[in-house]
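Residue numbers (this note's numbering), protein chains in the order written: chain A, 1 to 322; chain B, 1 to 322; chain C, 1 to 335; chain D, 1 to 335.
It should be emphasised that the hints constitute simulated quantities derived from the structure, not laboratory data. Just so you know, not all the hints are guaranteed correct.
Covered, in the sense of this in silico footprint (three residues per stretch, anywhere, with C-beta under 8 Å from a C-beta of chain B), are these stretches of chain D [what the hints assert, rightly or not]: (1) 21-33; (2) 36-46; (3) 58-68; (4) 94-101; (5) 301-314.
We put the beta carbon where it would ideally sit given N, CA and C, even for glycine.
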Amino acid sequence: MTLQKTELLTAYRLMKTIREFEERLHVEIATGAIPGFTHLYSGQEAIAVGVCMHLADDDYIVSTHRGHGHCIAKGCDVIGMMKEIYGRADGLCKGKGGSMHIADFDKGMLGANAIVGGGPPIATGAAIATKLDGNGKVTASFGGDGSSNQGTVFEAMNLAVVLKLPTLFVYEDNGYGEHTGTSYAVGSDDIAGRCAGFGMRAEKVDGADFFAVYDMAGDLFDQLRRGEGPAALECAITRFYGHYEGDPQKYRAKDEVATFRETMDCLRNFRKRVTDEGWLTDAELDAVDTEVMALIDDAVEQSKAAPPPDVSEVLTDVYVTY
Amino acid sequence: MTLQKTELLTAYRLMKTIREFEERLHVEIATGAIPGFTHLYSGQEAIAVGVCMHLADDDYIVSTHRGHGHCIAKGCDVIGMMKEIYGRADGLCKGKGGSMHIADFDKGMLGANAIVGGGPPIATGAAIATKLDGNGKVTASFGGDGSSNQGTVFEAMNLAVVLKLPTLFVYEDNGYGEHTGTSYAVGSDDIAGRCAGFGMRAEKVDGADFFAVYDMAGDLFDQLRRGEGPAALECAITRFYGHYEGDPQKYRAKDEVATFRETMDCLRNFRKRVTDEGWLTDAELDAVDTEVMALIDDAVEQSKAAPPPDVSEVLTDVYVTY
Amino acid sequence: MTVKTFREALNETLHAEMARDSKIIVLGEDVAGGAGGTGVEEAAGGIFGVSSGLFKAFGAERVIDTPISESAIVGAAAGAALAGYRPVAELMFADFIGVSMDQLYNQIAKFRYMFGGKTQCPAIIRMPTGAGMNMGAQHSQTIYPIVTSVPGLKVAIPSNAADAKGLLTTALRGDDPVVFFEHKALYPRKCDVPDGDYLVPFGEAALVREGEHATVVALARMVNFAEKALDALAADGITADLIDPRTTSPLDLDTILESLEATGRLIIVDESNPRCSVASDIAGLVASEGFDLLKAPVQLVTAPHTPVPFARELERAYVPSPDDIAAAVRKVVAY
Amino acid sequence: MTVKTFREALNETLHAEMARDSKIIVLGEDVAGGAGGTGVEEAAGGIFGVSSGLFKAFGAERVIDTPISESAIVGAAAGAALAGYRPVAELMFADFIGVSMDQLYNQIAKFRYMFGGKTQCPAIIRMPTGAGMNMGAQHSQTIYPIVTSVPGLKVAIPSNAADAKGLLTTALRGDDPVVFFEHKALYPRKCDVPDGDYLVPFGEAALVREGEHATVVALARMVNFAEKALDALAADGITADLIDPRTTSPLDLDTILESLEATGRLIIVDESNPRCSVASDIAGLVASEGFDLLKAPVQLVTAPHTPVPFARELERAYVPSPDDIAAAVRKVVAY
Ligand SMILES: Cc1ncc(C[n+]2csc(CCOP(=O)(O)OP(=O)(O)O)c2C)c(N)n1
Ligand SMILES: Cc1ncc(C[n+]2csc(CCOP(=O)(O)OP(=O)(O)O)c2C)c(N)n1
Ligand SMILES: [Mg+2]
Ligand SMILES: [Mg+2]
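Could you put the whole structure together from the sequences, leaning on the hints where they help?
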């Protein structure tokens with residue numbers, strides 16, 4: 001474990017921000033104030049943060065329909081994100097994208113993606129770019145267990161191996177793709193094994209353990225930065241809510257989430273570890289909690305008050321030149 | 001080796017028919033008499049025949065742009081095929097399909113396919129059908145090394161594993177996908193390894209050795225018929241001609257084909273083995289040769305003389321009901 | 001007649017037809033749901049509930065949950081159809097043709113023709129379609145113009161529960177591939193649905209309303225919007241024929257031309273983007289085959305040439321509205 | 001001016017532009033060729049030779065051979081464009097959009113809009129297109145109607161070597177995604193091509209010929225066929241404006257309408273299948289925006305609603321011919 005105290009606090013702040021962002025959305029969505037349908041990242045925070053803590057603004061990530069966590073971990077403005085999810089004029093994407101289409105190019109965040117498997121091919125292109133730039137930058141491609149069955153994803157992995165691209169394929173196995181279990185839909189029930197079959201190093205970690213994710217991701221990014229080609233990281237995890245907000249979750253045992261909230265909570269795990277080891281105090285962590293709660297309150301309040309986009313905006317941003 | 005003498009003669013006749021069909025096409029295409037572009041199977045005969053000798057008319061295969069060999073091995077009428085390739089009215093597909101779209105449903109031949117990776121998803125559907133029929137029938141999905149990089153193919157393999165479908169994925173690694181070498185385009189340079197990663201049994205054989213293909217395919221089909229799910233078979237082979245007729249083959253060393261014609265000729269290997277073992281005599285094999293040559297002569301002559309389709313045929317066969 | 005929702009009509013049709021014909025199978029993501037989970041079996045029944053109860057009634061052999069692999073789903077439908085079955089494959093959203101299009105347009109659509117009429121491929125691909133739920137640019141498209149352009153495919157686009165039943169039954173008893181579009185906003189909508197066997201032939205438009213001054217052609221949800229527009233126009237004494245083609249391939253141009261003989265004025269309403277849409281297509285066909293009947297410029301009421309925006313205010317402005325339709329009718333009647 | 005083939009014009013443009021702008025990269029199957037083989041490097045240069053010599057000139061870093069993975073090819077172009085490059089991806093045949101369509105229409109086309117204008121995606125996807133070589137149903141389609149329908153994409157369809165150069169240069173210097181169609185039958189065709197920098201703006205049709213009695217709109221190879229038809233008609237004293245839109249998105253409708261002001265008679269020639277084609281689209285737009293100018297039914301000269309057949313005789317009957325065009329012109333002039 002090589003993290004300094006400030007980095008530990010950053011990691012915690014990011015994870016906590018994601019958690020509270022999502023927990024608050026869970027509440028707000030139930031009021032009907034938020035358009036569309038929304039997929040919460042609660043429970044998976046250690047993965048986004050453990051991976052993205054290794055990245056600078058000019059490293060790239062691509063994300064999924066469940067993208068809020070990746071955005072926050074990569075440094076997107078939380079208030080701009082919330083406004084985007086509310087469909088406001090000054091949301092990160094002017095209210096045109098919504099929850100499933102948040103991007104922030106200044107932060108190397110190339111977009112959430114509402115097409116399962118849409119991101120990984122794009123990640124290979126970003127990696128081709130940084131390889132040509134010769135700047136040692138890397139790209140992380142986030143995807144779920146379900147996405148690992150999409151042909152586009154396999155093509156991207158093979159292309160990355162062929163071109164020795166600096167791409168890390170992160171698979172967050174939260175047990176389900178919508179209403180279907182991973183053990184059913186992934187034929188081998190072994191995502192990393194399948195990735196290894198493509199000729200890349202593929203590792204598995206406990207996605208509820210920030211330190212496990214962080215350390216392994218660091219090791220794999222080092223390999224990428226040495227120009228040794230792509231790698232894959234499978235993270236075992238769970239999601240604390242349904243597939244989308246409103247999902248009755250009939251495919252889950254009644255007590256499954258409650259149990260997982262006890263046993264697989266990365267924030268709890270993190271707090272225990274850092275206090276046990278004496279790296280941080282409860283007071284320091286509590287202070288972060290307070291700060292985060294205020295930020296989220298502010299984000300929601302500002303979003304509620306923010307004006308919607310002008311309808312003339314429907315017609316703009318289709319082309320650069322018309 | 002469990003083959004009876006008549007079966008050995010059948011195997012030889014099929015392989016020889018494919019070879020002479022293709023060698024003759026090579027000559028005829030050069031005259032400009034044949035429309036479109038054509039991909040010859042010369043050199044790969046042991047694979048089609050070694051696999052299809054295990055199949056009855058109600059077992060299925062799907063094929064590729066390089067499909068003549070699969071058609072002949074599965075029992076398609078050679079004269080009807082030749083007429084199709086010439087674009088004649090009484091070709092197997094009325095001249096509407098051509099070399100890349102030959103099918104024969106009475107023979108369980110579900111179609112050549114001009115889309116690389118087009119066939120394997122279709123093969124899973126046929127396997128779903130026979131599984132529902134509960135008749136123990138199997139489906140073989142033929143594809144090249146190049147096709148093994150197509151997303152549709154990966155999806156099909158995963159689906160077959162998930163549903164435990166009786167599908168054999170046959171990969172004919174002839175060293176190239178068009179002008180690009182397998183060792184470049186298949187990231188791991190190990191197709192079978194990649195298939196195994198999907199959770200199925202995957203084997204490799206020498207594609208120039210009919211007996212090796214035949215035995216291994218038989219073993220794998222047994223597994224399929226026992227309901228144990230799909231399997232893959234990678235066959236190392238070469239093609240004796242270019243990707244398509246007219247291909248200048250600059251990607252190949254000058255003497256590559258000549259060498260392979262010496263070392264990897266399945267017909268030569270077969271003749272040596274069966275005569276060495278005393279299973280068949282040269283005279284018996286020569287008699288087959290004579291018969292085959294006559295058949296091919298007849299096919300070409302009939303095709304040349306056959307009338308083209310009536311132009312009114314452009315408009316038919318789009319729908320069953322209009 | 002029984003009052004049913006669009007969703008119920010589809011669901012009951014699948015139940016009835018699967019009971020009738022053992023060759024019908026259903027496949028797609030979460031058409032049952034729950035496989036590999038810790039909860040109940042058939043945890044979903046399709047994310048819009050259209051395949052609800054099928055798994056319980058017909059079992060895992062005929063109601064097949066798949067991985068997220070749309071090319072394999074549509075391809076499996078293709079292969080099963082060639083091998084004698086009648087697969088009904090579901091794409092969760094029509095927008096996902098992007099990851100399965102080859103199997104649809106190069107394979108299923110072309111088999112019969114390429115193979116000289118020696119086979120048929122009665123695969124049905126169902127696709128929830130359309131905007132209106134703030135689902136964003138990748139989950140809200142109409143898609144049907146693209147598949148309407150493809151020879152070999154038939155395209156059904158019901159606008160109400162009765163047609164949903166009638167068209168789906170016809171699709172399931174026919175021998176051709178059908179792409180079947182279900183507008184998401186219509187699922188909860190109710191109307192009288194004929195009981196028992198009920199078939200709506202393909203290529204026969206419905207004359208939803210009769211009127212005097214114009215001919216309005218509309219599809220899917222836009223039929224309902226057009227009715228609202230006509231209700232509003234009635235106050236000013238403006239009436240119009242309202243025609244729902246119901247299938248765009250084959251297209252019943254004759255019914256449109258007949259109406260134009262009386263009205264001479266054509267408004268076409270299509271939720272699609274304007275270019276190469278069904279709206280511009282029908283307008284073009286009429287300009288070619290019914291030119292003499294036209295007394296005024298054809299009015300095309302479509303979405304703009306933009307992706308579907310997310311925010312409520314923007315999406316509402318994107319989707320053609322009853323007001324837009326009424327304005328177009330007024331314009332052409334005043335011409 | 002130098003006489004060049006269509007192929008040479010494209011190839012030289014790529015050479016010149018790659019030398020000018022180090023951000024331009026080329027990728028696709030066999031755009032170089034020979035990787036992993038036992039023969040020479042750059043064994044192909046694109047199967048139609050359009051990328052010939054690029055590998056030698058710019059190396060494997062900028063001229064990237066790929067596996068047969070069209071989604072990855074188009075997706076890599078998408079990602080590289082977001083990350084500041086100008087990728088030129090080749091699909092060997094336009095028909096292969098079926099296995100890459102999502103990246104084209106849900107990703108590349110929509111990025112700028114979905115992301116609120118905060119990015120651009122200047123990816124160029126080149127696609128050899130069209131029938132005429134007996135390549136069968138899966139290698140002969142026009143495809144451009146499908147992509148023309150997609151907001152966010154621009155669509156260029158040159159009919160001659162000069163426009164090929166001018167449009168490709170414009171595409172490479174613009175900031176929007178462009179789908180660039182190259183009709184296979186045009187590759188060996190020659191014409192005068194301006195030397196040096198030469199840009200043809202998008203959305204400006206070419207008035208290929210001026211005439212009196214009708215307006216003929218044609219695309220790609222059909223421009224040449226239309227010229228043949230007009231040559232034949234000249235003997236009977238029939239002349240027409242011949243308009244080549246050159247880009248279908250954006251579409252220069254004004255030039256067509258201007259011509260119709262004089263002629264009042266419109267013939268549209270499109271090698272596509274008829275439904276939701278560029279032919280019916282333009283006809284529909286004219287029926288809407290230029291109705292008063294029309295003096296006769298619009299004539300749509302397209303392929304039939306069938307896949308592309310293989311046999312020479314059938315494919316010849318499938319593709320619209322100069323005779324078909326001449327007959328349509330005669331018909332409308334006699335109206
Ligand atoms: C191509 C495509 N198919 C299907 C869907 C519908 N869909 C959205 S999310 C999802 C499940 C994804 O599962 P997974 O990759 O495990 O991600 P998770 O939701 O668990 O984070 C599905 C099927 C889609 N958006 N895109
Ligand atoms: C989707 C798609 N991409 C590209 C092509 C062009 N193409 C036809 S055959 C071929 C090479 C196929 O290689 P392989 O699978 O090894 O088969 P082989 O030709 O060696 O038998 C390519 C790239 C195609 N037909 N379809
Ligand atoms: Mg998941
Ligand atoms: Mg090969």
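Tested hints:
no.: 1; hint: 21-33; result: holds (count 3)
no.: 2; hint: 36-46; result: holds (count 7)
no.: 3; hint: 58-68; result: holds (count 4)
no.: 4; hint: 94-101; result: holds (count 4)
no.: 5; hint: 301-314; result: holds (count 10)
Violated hints: none; the structure is consistent with every hint.
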